[in-house]
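Asks: Below are the chains, spelled out letter by letter.
Number of protein chains: 2
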Amino acid sequence: MLEAASVTSLSIDAVDGAARTGTLATAHGAVQLPAFMPVGTHASVKALHPDEVAACGVDILLCNAYHLALRPGVEVIERAGGLHRFMGWDGAILTDSGGYQLITLAGAALVDDDGAVFVSPYDGSRLRVTPEDAIAIQARLGSDIIMCLDHPVGWGSDAATTAVATERTHLWAERCRDAHPGDGRLLFGITQGGFDEQARRESAARIAALAFDGNAIGGLSVGEPLDDMITLAEAAISQLPADRPRYFMGLGTDAELLAMVSLGVDMFDCVVPTRLARNGTALTPDGRVSLRNATYRDDVRPLDEDCSCPACARFSRAYLRHLFQAQEILAHRLVSIHNITHLARLMDATRAAIREGTFSLLREAVEGRLEGRVSLAPG
Amino acid sequence: MLEAASVTSLSIDAVDGAARTGTLATAHGAVQLPAFMPVGTHASVKALHPDEVAACGVDILLCNAYHLALRPGVEVIERAGGLHRFMGWDGAILTDSGGYQLITLAGAALVDDDGAVFVSPYDGSRLRVTPEDAIAIQARLGSDIIMCLDHPVGWGSDAATTAVATERTHLWAERCRDAHPGDGRLLFGITQGGFDEQARRESAARIAALAFDGNAIGGLSVGEPLDDMITLAEAAISQLPADRPRYFMGLGTDAELLAMVSLGVDMFDCVVPTRLARNGTALTPDGRVSLRNATYRDDVRPLDEDCSCPACARFSRAYLRHLFQAQEILAHRLVSIHNITHLARLMDATRAAIREGTFSLLREAVEGRLEGRVSLAPG
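Top line first, the protein sequences correspond to chains A and B. Residue -18 is where the first sequence starts when you use our numbering, and the numbers rise one by one after that. Residue -18 is where the second sequence starts when you use our numbering, and the numbers rise one by one after that.
Read the hints as simulated data drawn from the structure, not as lab findings. All of these numbers come straight from a predicted model, not from anything done at the bench. Glycine included, each C-beta is placed from N, C-alpha and C at the ideal position. Among the clues, some could well be false.
Here are the computed distance ranges between Cβ atoms for each label pair [unchecked claim]:
1) Glu286/A to Ser271/B: 42 to 52 Å
2) Val100/A to Gln308/B: 16 to 26 Å
3) Ser289/B to Val281/A: 35 to 45 Å
4) Gly63/A to Ser219/B: 54 to 64 Å
5) Glu286/A to Val145/B: 49 to 59 Å
6) Asn260/A to Ala275/B: 27 to 37 Å
7) Glu286/A to Ala35/B: 48 to 58 Å
8) Gly54/A to Val252/B: 29 to 39 Å
9) Val98/A to Gln308/B: 48 to 58 Å
10) Ala330/B to Glu59/A: 37 to 47 Å
11) Ser289/A to Ser289/B: 26 to 36 Å
12) Gly137/B to Gln308/A: 24 to 34 Å
Example chain A residues on the side facing chain B (calculated, C-beta under 10 Å, incomplete) [as the list claims (entries may be wrong)]:
13) Ala61
14) Glu309
15) Arg314
Please construct the entire structure, taking both the sequences and the accompanying hints into account.
Replies: See below:
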């Protein structure tokens, strides 16, 4: 067992069962946990100004180092003073390494033990990334939380493929750890293990032994049944230290987030709230509202009567529906703001409930309302 | 000569040659003149929140009654409390009647002396609009400045076609005037006359005789040479009363706006600043900046070093270029804000110069800088 890579940056204020709340100290401020991180793949949370993102109640974003290295290039961002200054965001930034993109790439032949070759979707050029490169790129971008380069596998991969990719993830994690420049940046390990409980447990133990500043559960929520996802996450969490933040990559719906919080997960990211927004779908405590539906043509109510986000404060469902029908960009903006606010409010309520020891009641109420079992009278 | 339709809402504070500055009182506040009106065809200035539009220094918008009548429909907006409330804009709104769309429609057969039949580009349905309908639609939307239904002709139309359309415009103007409900809304007439100086003069005299609250010059800036445009506008202006605002429809560039102000025009609208923004082109005092140009890849300067708009205050040309390359919506937003601010600042400088009696100096300086004859040192 290696020594801890750094003094822990996590401060736990309260626990309620396995759920916990607290703060994670970063070079760009404290992050309230549990936290939902909106995704700004290309150094922009789609359609939103950074001040709008902050006003949603968000203190940390995710950007994708792989995409940014391809375009505009690390040099451009470095010369502009780093990612925070480049994109005008003064809060914390977690960068994904690009490992996830290996699932979607055409041939596994592009990965070997030394590293991965990414083919640019923009111009077909090739970018060779070793674990050391992945860390250097993220450090040069100025990321507050750097993610290791990992090798996840797709749902349905065979055992041999999974074993090779998971072992590679562990070897890369060590190399990432050795390459980490420190200097106030946090480095998170990523656990893999495919879709086998025992492999998930072993992977988490191997990553935990490297004493990263935080640990992520990667390669899940990629198509496996929800029950499997929960069992596999639980297997990983059983091996992860309680004094480091736990991050479930690529999640999710209200119910999924609360399920994972109940297991002790602290951080989440997902493109769904902004992607849904662009398709005209708003998240509400009573489920999704699809603004394309003619029902809303004359609906002068806000998306959510209990929400005070800039969309709900001024605009009706009728107007938002009109904007979608007219393909006006303001539609994407307003519903993106609402959807991110919705998840930020859910995390805020979660933190308060954990502090008060009422998290399971909150979870039950949220799930009940989503399933239509509980009807809350408006205002 | 008929009586004035209402007490004049125009207050002239200063004149400088034929240029003048003052205010136009509307049911939604005073509009500073000369004014540039951003276009919100579908009840949204493309990509912008109404508060952002106001922060650009704008107190009046243009919306298109024809488009809104087709989608979402007048009833929807009426039931939502009117156009101001529907779109969350508390400033003045001028609505265009749809006359301009007659230029772009397929067959002139769709127009007769009674009115026009518009074919919906959305679902092919037909909307019959008489002059009386045009007024009623705009009144129901809650427009502050209602435009008469007119019949402009395209550049290159023959004399006979032009004469018929212009005479129809005059007859329709009378019917619009008779149909005007008053009640605090202003009604503007539209002069036509095609591309003949004498016909322009006669049309303006006919429209002026109807004593509208303001008078527009329509059917220009549709492809005719700049010199012709100026001569024809001058012919119309010679017949328009000085105690009513003059509005040149569908203009324009910095130089065109100042040329028209020098002839005594008070109001302008144009889709160009927001359309250019969506294509990655920013307006600056030194000319247009096309952010697609690789020159800006590493350019950490703002679009315009003398501009304090939200785009210039925080973001570099390098970031804006990156956003365009990555097809991020924030690019459209930020450059739209900048371009509208650019024109609002030009109008602000114009008003100040007229008050100080230095308008021709301002015009010379603006044109000189645009043509690269004058180089202003930054800061």
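Asks: Take the hints in turn and mark each one as holding or not.
Replies: A quick look at each hint next to the structure:
1. Glu286/A to Ser271/B: 42 to 52 Å: holds, 45 Å
2. Val100/A to Gln308/B: 16 to 26 Å: holds, 19 Å
3. Ser289/B to Val281/A: 35 to 45 Å: Cβ of serine 289/B to Cβ of valine 281/A: about 37 Å, so the range 35 to 45 Å holds.
4. Gly63/A to Ser219/B: 54 to 64 Å: holds, 60 Å
5. Glu286/A to Val145/B: 49 to 59 Å: Taking Cβ atoms as reference, glutamate 286/A and valine 145/B lie about 55 Å apart, which means the hint holds.
6. Asn260/A to Ala275/B: 27 to 37 Å: Roughly 33 Å apart at Cβ, these two residues keep to the hinted range, so it holds.
7. Glu286/A to Ala35/B: 48 to 58 Å: violated, 26 Å
8. Gly54/A to Val252/B: 29 to 39 Å: holds, 34 Å
9. Val98/A to Gln308/B: 48 to 58 Å: About 25 Å separates the Cβ atoms of valine 98/A and glutamine 308/B, which means 48 to 58 Å is violated.
10. Ala330/B to Glu59/A: 37 to 47 Å: holds, 38 Å
11. Ser289/A to Ser289/B: 26 to 36 Å: holds, 29 Å
12. Gly137/B to Gln308/A: 24 to 34 Å: For glycine 137/B and glutamine 308/A the Cβ distance comes to about 32 Å; the hint holds.
13. Ala61: holds, 5 Å
14. Glu309: holds, 4 Å
15. Arg314: For arginine 314/A, the interface hint holds, since the closest Cβ of chain B sits about 7 Å away, which is under 10 Å.
In summary, the structure is inconsistent with hints 7, 9 from the numbered list given earlier, while agreeing with the others.
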